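Asks: For this one, chain A is given, so just place chain B on it according to the hints.
Note that the protein sequences, when read in sequence, are chains A and B. Sequence positions in the first sequence follow our numbering and run 1 to 449. Sequence positions in the second sequence follow our numbering and run 450 to 772.
Keep in mind that the hints are not guaranteed to be accurate.
To be verified - To list a few chain A residues with every Cβ distance to chain B over 10 Å, as calculated:
no. : residue
1   : F16
2   : E167
3   : H297
4   : D342
5   : C343
6   : I393
Said to hold, decoys possible - Here are the simulated PhoX-like cross-link-like pairs (lysine-lysine), alpha carbons at most 20 Å apart as the crow flies:
no. : chain 1 : residue 1 : chain 2 : residue 2
7   : A       : K250      : B       : K478
8   : B       : K478      : A       : K50
9   : A       : K395      : A       : K419
Hints were generated in silico from the structure; no laboratory data involved. These numbers were taken from a predicted model, which means no experiment stands behind them. Beta carbons are placed, not taken as given, at the ideal position from N, Cα and C, and that holds for glycine.
Here is what each chain is made of, one letter per residue.
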Amino acid sequence: MIPGIGVLTQNTLWCFSQMKGAIETGVTEADIISTVEFNHTGELLATGDKGGRVVIFQREQESKNQVHRRGEYNVYSTFQSHEPEFDYLKSLEIEEKINKIRWLPQQNAAYFLLSTNDKTVKLWKVSERDKRPEGYNLKDEEGRLRDPATITTLRVPVLRPMDLMVEATPRRVFANAHTYHINSISVNSDYETYMSADDLRINLWNFEITNQSFNIVDIKPANMEELTEVITAAEFHPHHCNTFVYSSSKGTIRLCDMRASALCDRHTKFFEEPEDPSNRSFFSEIISSISDVKFSHSGRYIMTRDYLTVKVWDLNMENRPIETYQVHDYLRSKLCSLYENDCIFDKFECVWNGSDSVIMTGSYNNFFRMFDRNTKRDVTLEASRENSKPRAILKPRKVCVGGKRRKDEISVDSLDFSKKILHTAWHPSENIIAVAATNNLYIFQDKVN
Amino acid sequence: MEFKLEAHRIVSISLGKIYNSRVQRGGIKLHKNLLVSLVLRSARQVYLSDPCPGLYLAGPSGTPMALPQLPGEPAAGPAAGWGEPAPPAVPAAWQETQPHPERSAVPDAQRAVDAEPAAPGIDAGDAVLGGQAAAGPAWRLMEGPREAAAGGPGNPAGASEVFPEVARAASHHCGRPPGGEDQPGALGATPRGDCCCAKEEAPAPPPIGPRKRGAAGAGGVGGPAGCPAPSSTPLKKPRRDLEEPSSGAAAEEEEEMETGNVANLISIFGSSFSGLLRKSPGGGREEADGEENGPEAAEPGQICCDKPVLRDMNPWSTAIVAF
Numbered sequence: 001m002i003p004g005i006g007v008l009t010q011n012t013l014w015c016f017s018q019m020k021g022a023i024e025t026g027v028t029e030a031d032i033i034s035t036v037e038f039n040h041t042g043e044l045l046a047t048g049d050k051g052g053r054v055v056i057f058q059r060e061q062e063s064k065n066q067v068h069r070r071g072e073y074n075v076y077s078t079f080q081s082h083e084p085e086f087d088y089l090k091s092l093e094i095e096e097k098i099n100k101i102r103w104l105p106q107q108n109a110a111y112f113l114l115s116t117n118d119k120t121v122k123l124w125k126v127s128e129r130d131k132r133p134e135g136y137n138l139k140d141e142e143g144r145l146r147d148p149a150t151i152t153t154l155r156v157p158v159l160r161p162m163d164l165m166v167e168a169t170p171r172r173v174f175a176n177a178h179t180y181h182i183n184s185i186s187v188n189s190d191y192e193t194y195m196s197a198d199d200l201r202i203n204l205w206n207f208e209i210t211n212q213s214f215n216i217v218d219i220k221p222a223n224m225e226e227l228t229e230v231i232t233a234a235e236f237h238p239h240h241c242n243t244f245v246y247s248s249s250k251g252t253i254r255l256c257d258m259r260a261s262a263l264c265d266r267h268t269k270f271f272e273e274p275e276d277p278s279n280r281s282f283f284s285e286i287i288s289s290i291s292d293v294k295f296s297h298s299g300r301y302i303m304t305r306d307y308l309t310v311k312v313w314d315l316n317m318e319n320r321p322i323e324t325y326q327v328h329d330y331l332r333s334k335l336c337s338l339y340e341n342d343c344i345f346d347k348f349e350c351v352w353n354g355s356d357s358v359i360m361t362g363s364y365n366n367f368f369r370m371f372d373r374n375t376k377r378d379v380t381l382e383a384s385r386e387n388s389k390p391r392a393i394l395k396p397r398k399v400c401v402g403g404k405r406r407k408d409e410i411s412v413d414s415l416d417f418s419k420k421i422l423h424t425a426w427h428p429s430e431n432i433i434a435v436a437a438t439n440n441l442y443i444f445q446d447k448v449n
Numbered sequence: 450m451e452f453k454l455e456a457h458r459i460v461s462i463s464l465g466k467i468y469n470s471r472v473q474r475g476g477i478k479l480h481k482n483l484l485v486s487l488v489l490r491s492a493r494q495v496y497l498s499d500p501c502p503g504l505y506l507a508g509p510s511g512t513p514m515a516l517p518q519l520p521g522e523p524a525a526g527p528a529a530g531w532g533e534p535a536p537p538a539v540p541a542a543w544q545e546t547q548p549h550p551e552r553s554a555v556p557d558a559q560r561a562v563d564a565e566p567a568a569p570g571i572d573a574g575d576a577v578l579g580g581q582a583a584a585g586p587a588w589r590l591m592e593g594p595r596e597a598a599a600g601g602p603g604n605p606a607g608a609s610e611v612f613p614e615v616a617r618a619a620s621h622h623c624g625r626p627p628g629g630e631d632q633p634g635a636l637g638a639t640p641r642g643d644c645c646c647a648k649e650e651a652p653a654p655p656p657i658g659p660r661k662r663g664a665a666g667a668g669g670v671g672g673p674a675g676c677p678a679p680s681s682t683p684l685k686k687p688r689r690d691l692e693e694p695s696s697g698a699a700a701e702e703e704e705e706m707e708t709g710n711v712a713n714l715i716s717i718f719g720s721s722f723s724g725l726l727r728k729s730p731g732g733g734r735e736e737a738d739g740e741e742n743g744p745e746a747a748e749p750g751q752i753c754c755d756k757p758v759l760r761d762m763n764p765w766s767t768a769i770v771a772f
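For reference, chain A alone in the conformation it holds in the complex:
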């Protein structure tokens, strides 16, 4: 029980709500969830997986009969967004894994989202069809053409209800603009443009134009041997359509203003915290690499995630973050092992809650952490099948760092590093969170009193 966390109530208890995904012990690689995103109203929740599929869940309307059960998320649409491709010229396979999904704000009855793999961004339209025309003159009910000689009457087709069908159609394909692997996409607040970022370049697109994009950031050095940093994440400001930020593998964030010049290689602001020399190790550079950057909903702050910490920066202060939260500092002494098993390269994401008062990020052993910025309290929760009874309250977990291990604590060496929570999402206005644990999606809600 973590008093103080949450927007709506003083005492927020997190409860299990739903788990999506197979339960069998073996995990197919293609089923591993690679991105999770709520849409702007929170009505829809999209997940992408390594197999290139997108699954969209829709929250059902709350019924008066079941007051205690808030709307559940049920599958709304499933489609194959990307397929594996082969670049023949370079003899490279292009993975179909969905790296990111971003929703467009809803402007009509249909829903639009962007999904991207390493090389190609696609705009998908998800729409409902619940009526179909019947009574054609020239076609029979099965759609076969009728012999004109047999047509003796004329009638107007009418629309009749049918079972709801949700169809997803690719409306735009934005391809061939990235040499390196795309790591981020971000929809601009003007709703007309969006950007896609790869390791060395960021391109600006117009939704309507697929055969051209503007390159707005290019950090590729003339001589690749002088390469020292890459772009790791990028995002547009939530309100200012001319502003965006991008993070680098060196732990720095650059804020750019597109009004300043066409090519935003020169940043407007540069956020960097001086390194603590006492923490220097072989792996200092790796753990300082930023894996995710997110603007707060207010647009006033940015949050960055590196391997061991989450930091909150004020846009008006560039020389250091205003807050730093330790996610799993007990791993600092294990960096060499984590380097060996590649865990040190895991890219964790971070999210804000709707009011920017709480931030959340994932860890290992299916743990995820929440930090309340106001009360400075934090909690570690676990996404596990054992805690999966409906409305079961999640018990805070604790990692024991040494010495005597208390009951209920788990020691660092017992952590399961194959169970990592890289992707999480927070409903834009309510205390509902979606946590991706390998191939399962957990949905937790705060307890309804």
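Replies: Below, chain B without anything else, positioned relative to chain A:
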């Protein structure tokens, strides 16, 4: 001393990662490989800067960093070394003056160490350090030899072929324009390293008795003919060579040899790869520069077309792949 061992281990692990990244699905991941190269650099710095009299690294002068180049060593220090665990990736193709292009730095260094304790390994490394410029552009040349490597038959070079590809590469090496563009699959998937200009790295000392460490056949230190035709096999062997030591060699002498190899490798690899030591392009890099400039000029703002893309990726991926 512990730092050195730790550094050694980290270097081995890092090299293994880079090697593996070549065959990973989706192509080489630039970010991860960059981070691994930074770790390599850090480990190398620790490795080379920690004066430890017990290890050969100290050399006659006692200062690891100040070892003079051995006479007869190729000036540009064939960064071949750094290609090592993988197929001979020799950056400085033209440097190949040695009659015996060693297949891998590891065995070479081994030999060197055998012949002259202390100096050769690090010297080769230092030579590489000194010859950054040569090493750099040399990487790009690997694209050329790759064709040769891909071709596969016979070993024209004769000498210590070890790898047919290497030998062939050697013959193609010098001056061959980095013609990687027309090489399909230059990036990532195929072991371009194979083609590498021989890694001769060739320190002056004559080929010593082969280091039999686990090298299944092709290990080829000094090894004639050991190299199997398929390019993939040699890849495995040098790696095994390298990794075996890291798994805890017992004898002190063995330890020395291993570290020598590793030092050689990482000095070559670490500096050139991240470009951290080299400040300005050396003389031998015009070709590569020229190659780079073309696509570069075309690049910004344009939708990448395959050719420039391929060219651009080549040096970097070559560097990685060569390994």
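Asks: Determine for every hint whether it applies to the structure shown.
Replies: Comparing the hints with the structure gives:
1. F16: holds, 34 Å
2. E167: holds, 30 Å
3. H297: holds, 28 Å
4. D342: Nearest chain B Cβ is 8 Å from D342 of chain A, so the label is violated.
5. C343: At roughly 12 Å from the nearest Cβ of chain B, C343 of chain A sits farther out than 10 Å, so the non-interface label holds.
6. I393: The claim holds: I393 of chain A sits with its nearest Cβ about 39 Å from chain B, beyond 10 Å.
7. A:K250 with B:K478: holds, 16 Å
8. B:K478 with A:K50: Given pair K478 of chain B, K50 of chain A holds - Cα atoms ~16 Å apart, limit 20 Å.
9. A:K395 with A:K419: This hinted pair holds, its Cα atoms lying about 18 Å apart.
In this structure, only the earlier hint numbered 4 is contradicted, and the remaining ones agree with it.
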